[in-house]
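A.B. asks: Single-letter residue listing:
2 protein chains.
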Amino acid sequence: MSHIAIVGAGLIGRAWAFVFARAGFQVRVWDMNQTVLDNLDADIAAMIAQTEPFGQAGADPRATAANIKGVATLEQALDGAILVQESGPEVLSIKRELFARLDAIAGAQTILASSSSALLASSFAEGLPGASRCLVGHPVNPPHLVPVVEISPAPFTAPEVTQRARQIYAQAGQVPVMLKREIDGFILNRLQAVVLAESLRLIEQGYVDVQGLDDTIRHGLGRRWAFMGPMETINLNAPGGAVDYLGRYGPMMAGLAETSARDEAFTPTAAQAVGAAFSAISTPDTVRARQDWRDSELAALAQHLSSRAAQNNQE
Amino acid sequence: MSHIAIVGAGLIGRAWAFVFARAGFQVRVWDMNQTVLDNLDADIAAMIAQTEPFGQAGADPRATAANIKGVATLEQALDGAILVQESGPEVLSIKRELFARLDAIAGAQTILASSSSALLASSFAEGLPGASRCLVGHPVNPPHLVPVVEISPAPFTAPEVTQRARQIYAQAGQVPVMLKREIDGFILNRLQAVVLAESLRLIEQGYVDVQGLDDTIRHGLGRRWAFMGPMETINLNAPGGAVDYLGRYGPMMAGLAETSARDEAFTPTAAQAVGAAFSAISTPDTVRARQDWRDSELAALAQHLSSRAAQNNQE
Chain A
1 MSHIAIVGAG
11 LIGRAWAFVF
21 ARAGFQVRVW
31 DMNQTVLDNL
41 DADIAAMIAQ
51 TEPFGQAGAD
61 PRATAANIKG
71 VATLEQALDG
81 AILVQESGPE
91 VLSIKRELFA
101 RLDAIAGAQT
111 ILASSSSALL
121 ASSFAEGLPG
131 ASRCLVGHPV
141 NPPHLVPVVE
151 ISPAPFTAPE
161 VTQRARQIYA
171 QAGQVPVMLK
181 REIDGFILNR
191 LQAVVLAESL
201 RLIEQGYVDV
211 QGLDDTIRHG
221 LGRRWAFMGP
231 METINLNAPG
241 GAVDYLGRYG
251 PMMAGLAETS
261 ARDEAFTPTA
271 AQAVGAAFSA
281 ISTPDTVRAR
291 QDWRDSELAA
301 LAQHLSSRAA
311 QNNQE
Chain B
1 MSHIAIVGAG
11 LIGRAWAFVF
21 ARAGFQVRVW
31 DMNQTVLDNL
41 DADIAAMIAQ
51 TEPFGQAGAD
61 PRATAANIKG
71 VATLEQALDG
81 AILVQESGPE
91 VLSIKRELFA
101 RLDAIAGAQT
111 ILASSSSALL
121 ASSFAEGLPG
131 ASRCLVGHPV
141 NPPHLVPVVE
151 ISPAPFTAPE
161 VTQRARQIYA
171 QAGQVPVMLK
181 REIDGFILNR
191 LQAVVLAESL
201 RLIEQGYVDV
211 QGLDDTIRHG
221 LGRRWAFMGP
231 METINLNAPG
241 GAVDYLGRYG
251 PMMAGLAETS
261 ARDEAFTPTA
271 AQAVGAAFSA
281 ISTPDTVRAR
291 QDWRDSELAA
301 LAQHLSSRAA
311 QNNQE
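Here the protein sequences line up with chains A and B, keeping their order.
Every letter in the first sequence is one number past the one before it in the working numbering, and letter 51, counting from 1, is 51.
Every letter in the second sequence is one number past the one before it in the working numbering, and letter 81, counting from 1, is 81.
Calculated from the structure, these hints are not laboratory results.
Among the clues, some could well be false.
Any copy, or any two copies together, can satisfy a pair, since identical chains are not distinguished.
What the hints assert, rightly or not - Using 20 Å as the maximum straight-line C-alpha spacing, the simulated SDA-like pairs for lysine to any residue come out as follows:
hint	residue 1	residue 2
1	K180	Q303
2	K69	V91
3	K180	I281
4	K180	A100
5	K180	T269
6	K180	D209
7	K69	I94
8	K69	I12
9	K180	G206
Make a model of the complete structure from these sequences and hints.
C.D. replies: Written out as structure tokens, the structure reads:
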């Protein structure tokens, strides 16, 4: 019986289980920590309670819950799985050992995908007998509310495996982004890193405060980036499209990029300045409460964007 | 009679007129090109037709239109204005000359604000008798659908003028971001520039294609950035908030920023690669049609975000 196996059921692993289950996949969940498995049903129920009002818990939320089963052994999780989504610790030695174990247990057709954001598939899968079926499928937190998944194969990953992974993620309702070559940070965190560096610098050097920085994105660039990427954005900002835009404004943008911040911007002083702006939300309880707010807003936004896409398709 | 004066009524100037008028301000519009003035009523009517279905044309769209009057002379526009929003060409010599003229005509209490994205107030207002009432109020295109306005005073701008400008923009429903020191590109375009540089590099060097790059933002980072900034985003990505986040992930992010692209990424090859991805939308007509789609999506998103904010306030 083909299904998805979730290995490691922390926040990310559970959200992956939810993603696949609400799309109709059967999901088997294993975690080395029995308490995580004991709490699984309750945690999934809480995710359904939060997302159902926004239509993000699947066509039949009870079926979503029923599609997820915790299992007692890694072998049970993997037996017959079409794809394993591994969401364990981001430590190279642990990841290498876990992938060796997954590779030894899983059937030959099973894809082994890691949620890793920090490690490349070539680093943890090299030399395994089944290296060619290993890759990274990097989600954003939380994956059930932010649909992108970066698919980053190692040079030794079979192209057929990469394509199958892409189809499975798309069938699960995610948006796969295909990396053609490995690079640290993949695409998403590289883009986040340059925004963080320049933001921290502008704050620390006193050009703008934290609230102003966030407002500039939230009420400015982020409005367009919620439904278009930065490339389509520039394509619409000159009468002749992107080439016209880069001809007109490229030199100005290059000048700004030339003086942009890099790693030196990540100072303790900058961190303190940001922390001070969020002093009321800086403990596990207050952060968790605000994460709940964030997740409700993400669910509402997902519902809004789906509804707009449906309307645009009808027109 | 106090009102807002719009000087230069191209796309940006007209959108500014609309912003102020829908908030209940009286608006006087002047442009050196009579054709622009002749078309003003029709252009405003078109903006109302597009935004009214999304609740973005003001409480009474007919009143919004009625609040906007084209006038034949600069003197008529400026007489009694509380703020002049200048949206003329981005050429220093023209801007300097225009500001000298505005300063000579406008009453002493009138704020002179430029929409400039490329020029600093210190460059075009220095030495004017009324230099202390000059500043930049930089909008995003289109300002009636993207509310941020970057307020960038020169060192010689009176703090009282800056605060009054902030109040007027806020009263008009915009989100003012206060720059504490001048910097090329202000905040928004500096952040856009680093994203463009890294994006163009990742595309040109073959890590990802244009669609994948845009999907990474649109279905990834942009989802959170539409209602939180990047600083609040990281504040929610570690149990102890931003300081905890930067302690855990700062070194990784710094490593990615260290190897990020700068001005060298703005190559003709990269521009061609982006252009090729949008070859169907690269002429004035096709770009304009897609801009209409963008503006409808921005209006729908503005309505969604207002509705969410109202619900969160009620809870």
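A.B. asks: So, against the hints stated earlier in the document, which numbers end up violated here?
C.D. replies: Violated hints: 1, 2, 3, 4 and 7; rest satisfied.
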